[in-house]
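Undergrad: Please build the complete structure, drawing on both the sequences and the hints.
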Amino acid sequence: MAFFEQNIHHPPKTFLSKYIFSYDHKVIGKQFLWYGIFFLLVGGLMALMIRWALAYPGEPFPVIGQFLFPTSNGVIPPDTYAMLFTMHGTIMIFYAITPILIGAFGNFCIPLMIGARDMVFPLLNMLSFHIAAVSGFILLASLFVPLGAAAGGWTSYPTLSTLIGSPGTGQTLWSLAIFVLGVSSTMGAINYITTIITLRAPGMGYFDMPLTVWGLGLTAVLNAIFLPVLGAGVLLLIFDRVFGTTFFLAGAAATTGTGDPVLFQHVFWIFGHPEVYILILPAWGVVSDLLSFFARKPAFGAKATALSMTTITILSTLVYGHHMFTTQMSPLLTQTFMTLTMTISIPSAIFFANWLGTIWKGSIRFTSPMLFSMGVVFVFGLGGLTGLYLGTVTTDLYLHDTYFVVGHFHYTMAASVLLGSFAAVYFWMPKMFGTMMCEFWAKVHFWITMLGLNGVFMGMLFMGYAGMHRRLYNPFVYDFLNKLVPINEFTTISAIVMGFAQIIFVVNFVHAVFFKKEKASDNPWEVGTLEWTIPSPAPNYNFKEIPVVKCGPHELGNPALTNGRDFQYQTEELARG
Amino acid sequence: MFSVWAASEVAKKEMGFWEMISAPIDISENGHLIDWLFNYTTAMNIFFFALVCIGLFGFSYLYSAKRNPKPYYTYGYKKNHVLITTIIGVAVFVAIDMNITRMSNNDYIGIFTNWPSEDEDIVRVEVLAQQWAWNFRYAGRDGQFNTEDDVVTLNDLRLPVGKKVVFQILSKDVIHSLYFPNGRRKTDAIPGRITRMWMQFNETGTYDIACAEMCGTYHYRMQAKLTTYSEDDYQRWLEESQYIAESTIDTENPDLFWGWEWK
Chain A
28 MAFFEQNIHH PPKTFLSKYI FSYDHKVIGK QFLWYGIFFL LVGGLMALMI
78 RWALAYPGEP FPVIGQFLFP TSNGVIPPDT YAMLFTMHGT IMIFYAITPI
128 LIGAFGNFCI PLMIGARDMV FPLLNMLSFH IAAVSGFILL ASLFVPLGAA
178 AGGWTSYPTL STLIGSPGTG QTLWSLAIFV LGVSSTMGAI NYITTIITLR
228 APGMGYFDMP LTVWGLGLTA VLNAIFLPVL GAGVLLLIFD RVFGTTFFLA
278 GAAATTGTGD PVLFQHVFWI FGHPEVYILI LPAWGVVSDL LSFFARKPAF
328 GAKATALSMT TITILSTLVY GHHMFTTQMS PLLTQTFMTL TMTISIPSAI
378 FFANWLGTIW KGSIRFTSPM LFSMGVVFVF GLGGLTGLYL GTVTTDLYLH
428 DTYFVVGHFH YTMAASVLLG SFAAVYFWMP KMFGTMMCEF WAKVHFWITM
478 LGLNGVFMGM LFMGYAGMHR RLYNPFVYDF LNKLVPINEF TTISAIVMGF
528 AQIIFVVNFV HAVFFKKEKA SDNPWEVGTL EWTIPSPAPN YNFKEIPVVK
578 CGPHELGNPA LTNGRDFQYQ TEELARG
Chain V
88 MFSVWAASEV AKKEMGFWEM ISAPIDISEN GHLIDWLFNY TTAMNIFFFA
138 LVCIGLFGFS YLYSAKRNPK PYYTYGYKKN HVLITTIIGV AVFVAIDMNI
188 TRMSNNDYIG IFTNWPSEDE DIVRVEVLAQ QWAWNFRYAG RDGQFNTEDD
238 VVTLNDLRLP VGKKVVFQIL SKDVIHSLYF PNGRRKTDAI PGRITRMWMQ
288 FNETGTYDIA CAEMCGTYHY RMQAKLTTYS EDDYQRWLEE SQYIAESTID
338 TENPDLFWGW EWK
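Those sequence lines, one after another, are chains A and V.
Under my numbering, think of the first position of the first sequence as 28, with each following residue one higher.
Under my numbering, think of the first position of the second sequence as 88, with each following residue one higher.
There's no promise every hint is true.
Said to hold, decoys possible - Below, in silico cross-link-like pairs of lysine-lysine (BS3-like), each with a Cα-Cα straight-line distance of 27 angstroms or less: (1) A:K388 with V:K166; (2) A:K330 with V:K157; (3) V:K259 with V:K350; (4) V:K165 with A:K330; (5) A:K571 with A:K45; (6) V:K165 with A:K577; (7) V:K166 with A:K330; (8) A:K57 with A:K45; (9) A:K543 with A:K470; (10) V:K165 with A:K388; (11) V:K312 with A:K510; (12) V:K153 with A:K388; (13) A:K470 with V:K153; (14) V:K157 with A:K470; (15) A:K577 with V:K157; (16) A:K388 with A:K470; (17) V:K157 with A:K388; (18) A:K544 with A:K470; (19) A:K577 with V:K166; (20) A:K40 with A:K571; (21) V:K312 with V:K259.
No wet-lab data here; the hints were simulated from the structure.
TA: Below is the structure:
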């Protein structure tokens with residue numbers, strides 16, 4: 028319900044005001060998309076280097092190794108290896124996934140799907156991107172300072188991340204970059220929440236919003252609450268590094284100080300566990316919608332799905348302790364955190380059942396967004412279930428800090444979120460850029476990616492169970508890990524396959540954005556949410572008339588429909604037989 | 088599925104696939120509890136993931152647009168729809184979560200944090216982690232830590248089988264994690280606070296000890312060896328080391344006295 032008039036201004040004329048300093052949520056969304064794709068490529072390349080070092084220790088990285096590591100003849104040195112996995116984690120989480128799903132699709136979809144002309148605070152929105160750009164610049168700059176970039180893992184636990192473990196400027200710049208990015212994301216989150224509350228089109232109740240908007244909204248709530256916590260944590264870390272405070276330094280033999288390194292872990296994971304859901308909630312929302320759209324029937328138990336996502340959002344704030352079982356928590360705490368963690372599987376099982384219920388007795392069209400959505404169901408099933416081992420205290424004592432953890436969170440955060448992002452890109456492409464991507468190559472991209480990522484992450488689960496711990500430059504110095512050479516090679520080959528599959532995507536995407544002549548129709552996927560009632564690509568200020576919503580977002584396959592379509596727009600009165 | 092098959096193809100060259108991906112051999116008294124819980128969770132997970140796959144692939148086959156042009160128009164709020172969804176939610180919780188929570192909790196409270204009492208015949212070891220090595224300290228003849236007759240080793244832990252061993256763990260610089268792959272457990276070594284772990288080994292031999300927490304560039308080299316002896320062999324080794332320790336100790340060097348009073 029709009030509380031105020033949404034004015035239409037003239038479209039900007041100059042290049043700068045149109046593409047750089049734009050207030051338009053669609054342009055800002057595209058800026059975030061390019062930003063995210065750029066960092067996805069950087070982070071992906073780092074992943075390949077990490078995998079190369081693990082499978083072929085001591086061999087030069089092919090082709091570009093000689094240029095990147097000239098002093099070691101192309102071989103990745105151990106300190107660079109530590110920087111690579113630190114930056115890979117940081118970049119993928121904060122600079123690739125967050126900008127693509129939350130930055131790009133949050134900005135692009137929320138106003139369009141709720142029938143608004145723009146975000147409620149366009150200036151804040153623009154600043155949010157420019158601050159993110161500053162943060163990205165600081166992070167990339169940290170790669171070139173003396174002693175190199177941050178190398179303490181993306182979790183950057185003190186005291187390794189204080190001057191004791193990392194004396195270089197890289198770690199300080201890393202902390203600064205994360206702090207600045209936190210400011211940017213908080214701005215975005217406030218904007219999303221306010222927009223969803225105040226700018227929904229007349230007639231649109233919360234349950235008439237597409238589930239994508241639910242997912243993005245819940246993510247924004249988590250972002251607004253918990254990013255400041257991370258900001259506070261890294262700020263204290265900067266204080267420890269620059270101003271000589273001792274928040275995280277403790278008085279063991281070699282160190283001085285009266286702080287506590289475990290304090291940082293608490294602060295980090297209070298943020299860090301919700302962060303996992305910050306990343307996955309938008310993907311869940313998108314998948315819930317797309318499954319319904321392409322099964323041509325209403326989302327099964329949509330309210331239950333929305334409420335399950337809300338429940339998970341709340342629970343996610345209460346379980347962070349399961350990341351710290353090996354710090355010797357009191358049994359009282361392990362018990363509490365374990366039980367709370369396990370309750371998450373109830374809402375998860377409910378929306379899994381709803382996803383399967385949505386495609387049950389549907390009339391499924393296997394388009395590329397649908398394939399990617401079903402891929403999410405598959406990989407998130409694996410990712411979610413492997414989480415059970417890690418939420419259980421005793422199995423976690425064995426699996427903690429092994430590749431099992433790495434496999435698990437890559438399934439949930441990398442695989443699911445990546446596939447969800449691809450689904451979103453393929454789906455909203457016509458509304459964003461006015462052209463369709465090539466379906467054939469999209470499907471090829473899907474199948475190769477799916478094969479590659481399952482090879483990589485399944486391999487990680489197996490080698491983790493076999494005891495291989497994380498962040499090893501060369502695991503084979505250990506006798507008990509020597510048997511894992513073949514599976515490491517297999518995983519690396521899978522990673523290379525997956526990496527090269529992304530070239531298909533990039534070519535397809537760039538071709539569709541810049542070179543494709545053939546324009547997409549206004550509603551190529553034949554769905555009824557508000558963004559498909561307007562021309563493709565979405566025009567300046569989206570809606571000439573603010574739409575009035577009369578039915579839910581998933582009105583497909585209604586037998587009472589008589590107008591020759593199998594779906595109806597949200598602006599139409601619900602057809603009754 | 089494909090990856091399992093392909094990985095097995097790769098692995099066939101040297102050893103069986105299952106042999107390769109199985110956990111290292113368990114030499115501890117209580118490691119089997121963790122293995123058992125792992126296997127139980129795996130069995131349950133396979134069952135529920137199979138259900139997801141049956142739904143996903145089965146429905147894809149049965150209800151493709153070609154085969155089923157007319158979708159069934161429902162919001163999923165009918166009584167039996169809600170019932171089935173609820174049953175699935177509850178079944179997952181009861182079959183997996185409640186069970187593993189209960190069992191894991193019993194193990195953790197009943198065994199892993201059920202510390203041996205003072206009067207039991209136990210081996211006490213102080214562990215000091217540093218970048219990038221493990222220091223181990225045995226109390227020596229007087230039973231007191233940080234005295235001149237302590238046996239101190241570097242990256243070399245020797246223990247008797249069939250006896251409870253209690254570790255007190257501390258770090259000198261950054262956070263490390265004392266990881267016994269063959270004991271199925273790890274405990275963080277944290278500067279400024281002592282953490283504890285107890286374990287009992289049942290097989291003699293030489294095994295790996297690793298650092299599981301990222302601790303800097305040479306994290307991967309922070310390796311120690313665990314040698315487990317029979318009771319007699321252990322006593323013989325201890326006496327010998329005791330003798331060497333006493334005859335070579337430099338009492339003027341404060342660096343040698345990094346231990347602490349047993350707490």
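Undergrad: Would you pick out the hints that fail for this structure and give their numbers low to high?
TA: Of the numbered hints given earlier, the structure breaks none, since each of them holds.
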